[in-house]
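**Student:** Sequence:
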Amino acid sequence: MKKIIFASLFLLLAKSYGQQIDPLLTTDVENQEKWVESTMNKLSLDEKIGQLFMIQAYSNKDRKHKAYIKKMIKKYHVGGLIFMQGTPEKQAQLTNYYQSTSNIPLLIGFDGEWGLNMRLKNSFRYPWNMTLGAVQNNKLIEQFGERLGEHCKRIGIHINFAPVVDINTNPANPIIGNRSFGENKYNVSQKSIAFTNGMQRKGVLANAKHFPGHGDTSTDSHKTLPFLDFNLDRLESIELFPYKELFKTNLASVMVAHLNVPSLEPKKGVPTSISYKVITELLKEKMGYNGLIFTDALNMKGAANYAKPGDIDLAAFLAGNDMLLIPEDVKVAVKKLKAALKNKLFTEERLDESVRKILKAKYWAGLNNFKPINENGIQEDIITVKDQLLYNTLMKEAITLVQNKKAILPIKELTNNKIAYVKLGDSDNADFTTTLKKYTQVDIISEENLTVLLQKLKPYTTVIIGYHKSNENPWKSFKMTKKELTWLQEISKNNSVVLDVFASPYTLLDIQDFSHIDAVLVSYQNSKASQEISAQMIFGALEIKGKLPVSINQVFPEGTGITTSNLMRLSYSIPEEVDMDSKLLSKIDSLTTMVVDSTMAPGGQVLVARYGKVVYHKSFGYHTYDKKQPVKLTDLYDLASVTKILGGLPMIMKGEEMGLFNLETTLGEFLPYLKGSNKDTITFKEALSHVGKIRPWIPYYLETVDSISKVPFKNLYRSTKSDEFSIKVAENLFLINSYTDSIYKKIAEAPQRKTEGYKYSGLIFYLFKKYIKNTFHKEMDVLNNENFYMPLGSNSLGYNPLEKFSPTEIAPTEIDDYYRHQTLRGDVHDMGAAMMNGVSGNAGLFSNSNDVAKMMQMYLQKGFYGGKRYFESKTIDKFNHRYYENDSIRRGLGFDKPSLDPEIKASSKYASANSFGHSGFTGTFAWADPDNGILYVFLSNRVYPVMSNNKLGEKDIRSEIHNLIYEAIQRN
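Heads up: the sequence shown begins at 360 in this note's numbering, then just goes up one per residue.
One or more of the hints may lead you astray.
As the list claims (entries may be wrong) - The calculated lysine-lysine pairs, modelled on DSSO-like cross-linking and capped at a C-alpha distance of 27 Å, are:
1) K745 with K480
2) K1087 with K1073
3) K1129 with K1268
4) K607 with K512
5) K977 with K1013
6) K986 with K1227
7) K643 with K627
8) K1044 with K782
9) K660 with K498
10) K423 with K480
11) K449 with K498
12) K694 with K667
13) K904 with K694
14) K1264 with K977
15) K1052 with K1237
16) K449 with K745
17) K694 with K429
18) K1132 with K977
19) K660 with K643
20) K420 with K430
21) K841 with K852
22) K904 with K498
23) K1080 with K1163
24) K852 with K433
25) K887 with K838
26) K667 with K582
27) K1069 with K1104
28) K782 with K730
Unchecked claim - Between beta-carbon pairs, the in silico distance windows are:
29) K430 with P989: 34 to 42 Å
30) Q1329 with I804: 40 to 48 Å
31) T958 with K561: 47 to 55 Å
32) E1319 with E739: 23 to 31 Å
33) E1090 with S1066: 43 to 51 Å
34) T460 with E739: 55 to 63 Å
35) E739 with E1090: 18 to 26 Å
36) E1062 with T1114: 40 to 48 Å
37) T958 with P1055: 24 to 32 Å
It should be emphasised that the hints constitute simulated quantities derived from the structure, not laboratory data.
Beta carbons: idealized from backbone N, C-alpha and C, even for Gly.
Construct the complete structure from the given sequences, taking the supplied hints into account.
**Tutor:** If you want it as structure tokens, here you go:
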């Protein structure tokens, strides 16, 4: 009766399947058939039987192993090799060797679910399937399949045992888990199809595993025989669904798992991998599958515990498998198969059926015309920028936001948002915290005692908790400890918390209460890219798009995923993402090396961005020529005249935008104390375009020092600060307060140039400070900080950096022997700005390159950055305009622009007319080009140890690097 019911269920099941076309047929089917039949006719019985075996080969073992494999090929005529651990280069060498020893070309197999790195060192690793399950754009999964196919093809692999199509409905599954695309059968099927299409398009056979479905097991078939107690309806609805969908395509092969499934195989304890009912009746006959069928590895305990070597191989072949993967003893297996054939347990026709399929697969893979693998340049072909770009794209599409109370993410407000980071987990977090700090000040708080930790976190508005677990392989434990779970809850009760999980989404299963956690971000893996990308998402530089591929209890169903908007902050990527060439851009390295070696400057920083993505950001050299302190990307530099556009101009632009004055306003109207002076009728437009005949500069300091000894006059300076002497010029040197009025008076009384036309002058920028204080009733540095630097997250950008930073974080400028008589480090180099208490529209700003870039990118984005509008678009356009171009004057209003004279190198010769920026005396440069989306920042301390060293300017290094940037743009 049981047999009748079982047969009836199979008949019902069969009705839902159609016969699959032969996926092993090639487009030149006649030639394929001729080659297969011609080869078949040459094979002896031993050679036919040998074709059934695919044995293990290693590229990291000794000569003894190599000799053993050769013996298996020569004596037993094995049909294929599955390579295990080693390196790509050695595997290619051995593949060429083994192929040369075999009369019949070998089918080379490989387990490369997430890339060659699954087995081979020095190769590329793509994300786990669980991560990819969160990606909504399946075209990207197809691209992943294509790229993996290219990697396999490059080192001679013909079949990659991927994709895993198991539907992981059991979070406790010890062997599948992260290897699955998730728990949704439609998602798993679509991604499996996309991957298969991509890889097979590149000439590598795909293999769907582990039939009939290993996703809802709680034991590992490598160690025992997993038990699945599901009826046929359930199996057809869930486990078999991806196979039905894949069989509608040209899926080349299937791997059968070692599972105990009583509803499919009623004989107690019989693994599915050796079940005739499962393989022949269900897979081949009922489901109509015509492709190549592999056993899972026969040395796994799920099979090996059932029968002895030889017996298990025979049983697997009798069940309907075509290739026997990793047999424990080929010699014994061959003997058993030959005896079974002699005893008519199977026919030679049955043997020929499998051998023909194997040969068809070999022809499909191009083995009818085998060519040795090129053993040169493998690394360059399998670890490429293209791979990194695709990896990054996959991670950007995968990372998933499952909870976002009060829309805390992306973090928009930076001014009044004190942010801390706390680490949980036992793996690396450096790339995450480094990237977080690129957006604003993020303090890393760590403590062994929870009470002390909570006390330390009290001042913080937002706490980002990163949970970091090993990214070594997908089987690594992802579970939080009891201590970590407790700490998470306690911190969340006291602070606004963003939890970012760099591990399996199943990590969330052990969190009993999400009510106090404001945001939960699943970043899936703890790779460098996932850490960097996730940090960028937290601050809105990238959108969050992923959807959860599995359910987290009843809290977050499969498919949960909150999308976020892009706040248009700088993001960080690689050049190719913005159509630039990494190799060409890397030529900058040679120039910066030359800068140091030729003593043009001790060191510096270079930042290049395009379309809002930083694609080159490096420090070079040292703080000084003694080479004791290497430059860090976080180190600050004296910006000199770059201050004009980042410090002097912003509040002036804002004032014009507010209608406080216009471009035709005269300086006498702008600053009443200039009424009646020779600057009274100069318009604002003329002054900022440098056509107002204003004197270029005034060396105020010379009148305050002895002309012979250069020692500052004692009546004007003190060594200690007081109410009367509070203007800090340098360390232990304070100028009398009244001298500020003297500077303004000198500017007002300075004679005008007699000649008409253009002459650069910085004096107008001194006056801005006075106007801003009179108009807004706050100092210029305070207003800039409140209105621009802090909201932008430019925490290093500002005046008088020693108030916030250690001298060791600031590159020194000059060893001053003519005024201040000390090494200037953190005190502004410009003498006039120093006499204005370090705060001037002309000079005085310090910054690192990243924070300069934020301000410049805001300009480039027409006044918008980080979800906030700083200026109206028309304001930027108004100031970035040449009003005297007809007079051959290149300048905008405050902004420098490309030279109209080809002999003068103000910027790159390729910079567009719409580009703008400024250079600085200390060896700095900041430039933005709206037409090409280019942003370039160069910082150095070329004035160290003396400002007379102008090799940097003489060699036009800043412009030369600017040229390289444009030359790196990939033109179609």
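**Student:** It remains to establish, for every hint, whether it holds in the given structure.
**Tutor:** Quick rundown of the hints versus the structure:
Straight-line distance between C-alpha atoms of K745 and K480 comes to about 19 Å, which keeps the hinted pair within the 27 Å bound. For a cut-off of 27 Å, the pair hint linking K1087 to K1073 stands: about 15 Å separates their Cα positions. As the CA atoms of K1129 and K1268 are separated by approximately 37 Å, the hinted pair breaks the 27 Å bound. Annotation: proposed proximity of K607 to K512 holds, straight-line Cα distance about 25 Å (limit 27 Å).
The straight-line distance between the Cα atoms of K977 and K1013 is roughly 33 Å, outside the 27 Å bound, and the hint therefore fails. Restraint check for K986 and K1227: the C-alpha separation of about 42 Å exceeds 27 Å, so the hint is violated. As the CA atoms of K643 and K627 are separated by approximately 22 Å, the hinted pair is consistent with the 27 Å bound. Restraint check for K1044 and K782: the C-alpha separation of about 53 Å exceeds 27 Å, so the hint is violated.
For a cut-off of 27 Å, the pair hint linking K660 to K498 is broken: about 38 Å separates their Cα positions. Between K423 and K480 the alpha-carbon distance is near 22 Å, which keeps this suggested pair within the 27 Å criterion. Pair hint K449 plus K498 does not hold up; C-alpha atoms about 33 Å apart against a cutoff of 27 Å. The hinted pair formed by K694 and K667 meets the criterion: a straight-line CA distance of about 13 Å does not exceed 27 Å.
Only pairs whose Cα atoms come within 27 Å are accepted, and K904 paired with K694 is rejected, the gap being roughly 57 Å. Note on K1264 and K977: the hinted pairing holds, with a Cα-Cα distance of about 24 Å set against a maximum of 27 Å. For the hint pairing K1052 with K1237, the CA-to-CA distance comes to about 22 Å; that is within 27 Å, so the pair holds. For the proposed pair K449 and K745, the alpha carbon gap of about 24 Å is at most 27 Å, so the pair holds.
In summary, the hint linking K694 to K429 is supported, as the alpha carbons are separated by about 19 Å, within the 27 Å threshold. Under the criterion of a C-alpha separation no larger than 27 Å, the hint pairing K1132 with K977 is inconsistent with the structure, at around 37 Å. For the hint pairing K660 with K643, the CA-to-CA distance comes to about 25 Å; that is within 27 Å, so the pair holds. With a C-alpha separation of about 16 Å, the suggested pairing of K420 with K430 holds against the 27 Å cut-off.
Of the pairs offered as hints, the one joining K841 and K852 holds, with about 17 Å between alpha carbons and a cut-off of 27 Å not exceeded. Taking the CA atoms of K904 and K498, the gap is near 15 Å; set against the 27 Å cutoff, the hint holds. Annotation: proposed proximity of K1080 to K1163 holds, straight-line Cα distance about 19 Å (limit 27 Å). For the given pair, K852 sits about 69 Å from K433 by alpha-carbon distance, which is inconsistent with the 27 Å threshold.
Annotation: proposed proximity of K887 to K838 holds, straight-line Cα distance about 21 Å (limit 27 Å). A hinted pair counts as satisfied when its Cα atoms are at most 27 Å apart, and K667 with K582 qualifies at roughly 16 Å. Between K1069 and K1104, the direct Cα distance comes to roughly 23 Å. Compliance with the 27 Å bound is thereby established for this hinted pair. With a C-alpha separation of about 52 Å, the suggested pairing of K782 with K730 is violated against the 27 Å cut-off.
In this structure the hint that K430 and P989 lie 34 to 42 Å apart at CB is violated, the actual value being about 56 Å. Q1329 and I804 have their C-beta atoms about 43 Å apart, which keeps the hinted 40 to 48 Å range intact. Taking 47 to 55 Å as the suggested C-beta distance range, the pair T958 and K561 conforms, at roughly 52 Å. For the pair E1319 and E739, the beta carbons lie near 28 Å from each other, so the given range of 23 to 31 Å is met.
At roughly 24 Å, the beta-carbon separation of E1090 and S1066 lies outside the given 43 to 51 Å, and the hint is violated. The hinted window of 55 to 63 Å between T460 and E739 is violated, with their beta carbons roughly 28 Å apart. Between E739 and E1090 the beta carbons are some 52 Å apart, a value that contradicts the proposed interval 18 to 26 Å. Between E1062 and T1114 the beta carbon distance is about 26 Å. The supplied range of 40 to 48 Å is therefore violated.
Taking 24 to 32 Å as the suggested C-beta distance range, the pair T958 and P1055 conforms, at roughly 28 Å.
Of the numbered hints given earlier, the model fails hints 3, 5, 6, 8, 9, 11, 13, 18, 24, 28, 29, 33, 34, 35 and 36; all others are met.
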